[in-house]
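> Here are the chains, one letter per residue:
2 protein chains.
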Amino acid sequence: MNTRRDFLKKGALAGLSLAMLPELAKAVVNKQNGLTATKINLKKDSIILFQGDSITDGGRKRDSNACNTLEHLGNGYALFTSTQLLKTHAEKQLKIYNRGISGNKVYQLRERWDAEALAFSPDVLSILIGVNDYWHTLTGDYKGTVEIYENDLRALLKYTKDKLPNIQFVLCEPFTVKGGRAINDTQWFPMFDAYRLAAKKLADEFSAVFVPFQSAFDEALKLAPASYWAADGVHPDLPGRQLMADVWLEATGLKNSYEL
Amino acid sequence: MNTRRDFLKKGALAGLSLAMLPELAKAVVNKQNGLTATKINLKKDSIILFQGDSITDGGRKRDSNACNTLEHLGNGYALFTSTQLLKTHAEKQLKIYNRGISGNKVYQLRERWDAEALAFSPDVLSILIGVNDYWHTLTGDYKGTVEIYENDLRALLKYTKDKLPNIQFVLCEPFTVKGGRAINDTQWFPMFDAYRLAAKKLADEFSAVFVPFQSAFDEALKLAPASYWAADGVHPDLPGRQLMADVWLEATGLKNSYEL
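Going down the list, the sequences are from chains A and B. If you number the first sequence the way this note's numbering does, the last residue is 260 and the count never jumps. If you number the second sequence the way this note's numbering does, the last residue is 520 and the count never jumps.
Be a bit skeptical, because a hint or two may be false.
Claimed, not checked - Cross-link-like lysine-lysine pairs, in silico, DSSO-like; alpha carbons within 30 Å at most:
| no. | chain 1 | residue 1 | chain 2 | residue 2 |
| --- | --- | --- | --- | --- |
| 1 | A | 222 | B | 299 |
| 2 | A | 163 | A | 44 |
| 3 | B | 460 | B | 303 |
| 4 | A | 43 | B | 482 |
| 5 | B | 352 | A | 26 |
| 6 | B | 352 | B | 321 |
| 7 | A | 178 | B | 355 |
| 8 | A | 43 | A | 158 |
| 9 | A | 161 | A | 200 |
| 10 | B | 352 | A | 178 |
| 11 | B | 286 | A | 31 |
| 12 | A | 31 | B | 352 |
| 13 | A | 92 | B | 438 |
| 14 | B | 482 | B | 286 |
| 15 | B | 482 | A | 39 |
Since the hints were derived computationally from the structure, they do not count as laboratory data.
The whole structure should be built from the sequences, with the hints applied where relevant.
Written out as C-alpha cells, the structure reads:
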C-alpha cells in the first residue's frame with residue numbers, strides 16, 4: 001500500500017492522473033495482446049460495423065439503415081462502445097452500424113454477409129461470434145464442431161478481405177461468464193475453450209485486433225459474481241456490457257483520441 | 261507538436277499510457293473546479309439517486325422500484341454514467357436509481373421529494389435541474405425567475421440535508437448547447453447564464469460536487485457542431501450523453517476505482 005501511495009503521490013505531484021494506473025481492461029489487454037499488437041486507425045468519416053449474435057444485437061431496431069442512434073445500435077456492448085467512440089472521436093464524424101442478429105452462428109453470418117456486411121464497405125469490422133456455434137450443439141440439434149467454426153470463420157474473413165482489401169478487422173473472443181445460469185461446467189469445458197482459441201488463431205492469421213473478453217470476465221469475477229456481470233453466463237448485464245466496451249476500446253487503441 | 265510527441269514518447273518509454281493526457285472532461289473539470297474540489301466517497305452498498313428533468317429521465321420505465329436496470333435508468337446520461345459506475349466500482353455493489361421526470365422545474369421536484377428522493381435514503385444525490393425553469397418562461401405561461409430558482413433549490417437542498425445529514429450532493433450545471441434548434445441566442449442569453457451561476461453558487465454553499473456541463477459542451481463544440489452533440493440544444497444525443505457521463509465521473513472523482 002505504501003508503495004502505491006508513494007507512486008500515486010509522485011504521479012499527482014507531476015500533474016498526472018490516477019487514470020494512468022492499470023485498470024482491469026487495460027491490464028487484461030496488455031497481458032493478452034502485448035504492447036505491440038495491431039491497433040485500429042480511424043480517419044474522417046470512417047464506417048464501423050458491429051456484427052455477431054444476440055450479444056451484439058442487443059435488441060436493436062431493424063426498421064431502417066440509420067447509424068449512430070440508440071435504437072439502431074441496440075443496448076448491448078455495441079451501444080456502450082459506440083457512445084464512447086462517438087464522444088472521443090467527435091472530429092472524425094464516425095458512422096457506426098450494428099447488424100448483429102440473435103442466435104447467429106458463423107454460417108448464418110455468411111448467408112447474409114453481402115447485404116449486411118460488405119454492402120456497408122466498413123473501414124472497421126468488428127465480429128463477435130462463436131458462443132452459439134457451441135451452445136446450440138448442447139441445446140438444439142445443431143451438429144457443428146470447432147473445426148467447422150474455425151474453417152467457416154476463416155473463409156468469411158478471407159472472402160471479406162478479398163472484397164475489401166483495406167478493411168481493419170476486430171475479432172472478439174467468444175466467452176462465457178462462469179457461474180452464470182446457462183453455463184454447466186461439465187457441458188462447456190474444456191470443449192468451448194477450443195472456440196476461443198480458434199478465434200485467437202484467426203485474429204493472428206488476419207492481423208486482426210483481438211479482443212480478449214474471456215480474460216476480462218475472468219478477472220471481473222474476482223470483484224463480483226456472475227450474477228452481477230452476466231446472470232445467464234452468456235448475455236452480459238449492464239456492468240458486463242460496459243466492461244466489454246472498455247476492453248474493446250483498449251484492444252483497438254481507440255480509448256483516447258490522441259495520436260502519436 | 262514535437263514537444264507533445266517527445267512527451268508522449270517519454271511516457272510510452274516509462275510504461276505510461278496515453279490516458280494520462282488531459283481529455284476534454286478532465287481538462288474542463290480541473291479548470292472549473294480545481295484539483296482540491298469536493299469529491300464523492302462510495303462505500304459498500306452505496307445508494308445513488310439521479311434526479312432532474314427530461315435530460316435525466318431519458319425515457320425510463322416507471323413501473324417498478326428496480327435499480328441498476330437499463331429500463332429503469334432510462335437512456336440518457338444517467339444510464340451511461342451508471343454503467344461506468346457499476347463496472348468501475350463492481351466490488352461496491354452500488355444501487356443506482358433514476359427519478360428524473362420530463363418537464364420538471366425545481367418546485368416540481370419539491371412536490372415529489374419525500375417519496376422520490378428522501379425515501380431512497382441516498383448516499384449520493386445527483387440533481388440536474390434548471391433548463392425548464394428558464395425555458396418554460398419563454399414557451400409557456402410559467403412565471404418563474406432566477407431568484408425563485410435559486411431560492412427553491414436552496415430550500416430543497418437544505419430540507420434534504422436536514423433529513424439526511426450525511427448525504428453527498430452532486431449539483432449539475434444546467435446547460436444549453438449553442439447552435440441547437442431550440443436555442444435562440446437573443447431569447448436565452450445572458451438571462452440563462454444566471455441560472456448556471458446560481459447552481460454553481462449553491463454547489464459551493466452546500467459543499468456539493470459541481471458538474472460543469474456548460475463548459476464541457478462549449479469545449480465539445482470546437483470538435484463538432486451542436487447537431488452532433490444535442491440537435492435541439494437541450495437534450496443531448498448519444499455523443500453528448502457520453503460526454504456528460506465522462507464529466508460527471510471526472511467531477512465526482514469516481515472515474516477510477518483506485519483510492520488514495
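> For each hint, tell me whether it holds in the structure or not.
Going through the hints against the structure:
no.	hint	result
1	A:222 x B:299	holds (27 Å)
2	A:163 x A:44	holds (22 Å)
3	B:460 x B:303	holds (26 Å)
4	A:43 x B:482	holds (18 Å)
5	B:352 x A:26	holds (20 Å)
6	B:352 x B:321	holds (25 Å)
7	A:178 x B:355	holds (23 Å)
8	A:43 x A:158	holds (24 Å)
9	A:161 x A:200	holds (17 Å)
10	B:352 x A:178	holds (20 Å)
11	B:286 x A:31	holds (27 Å)
12	A:31 x B:352	holds (26 Å)
13	A:92 x B:438	holds (20 Å)
14	B:482 x B:286	holds (16 Å)
15	B:482 x A:39	holds (27 Å)
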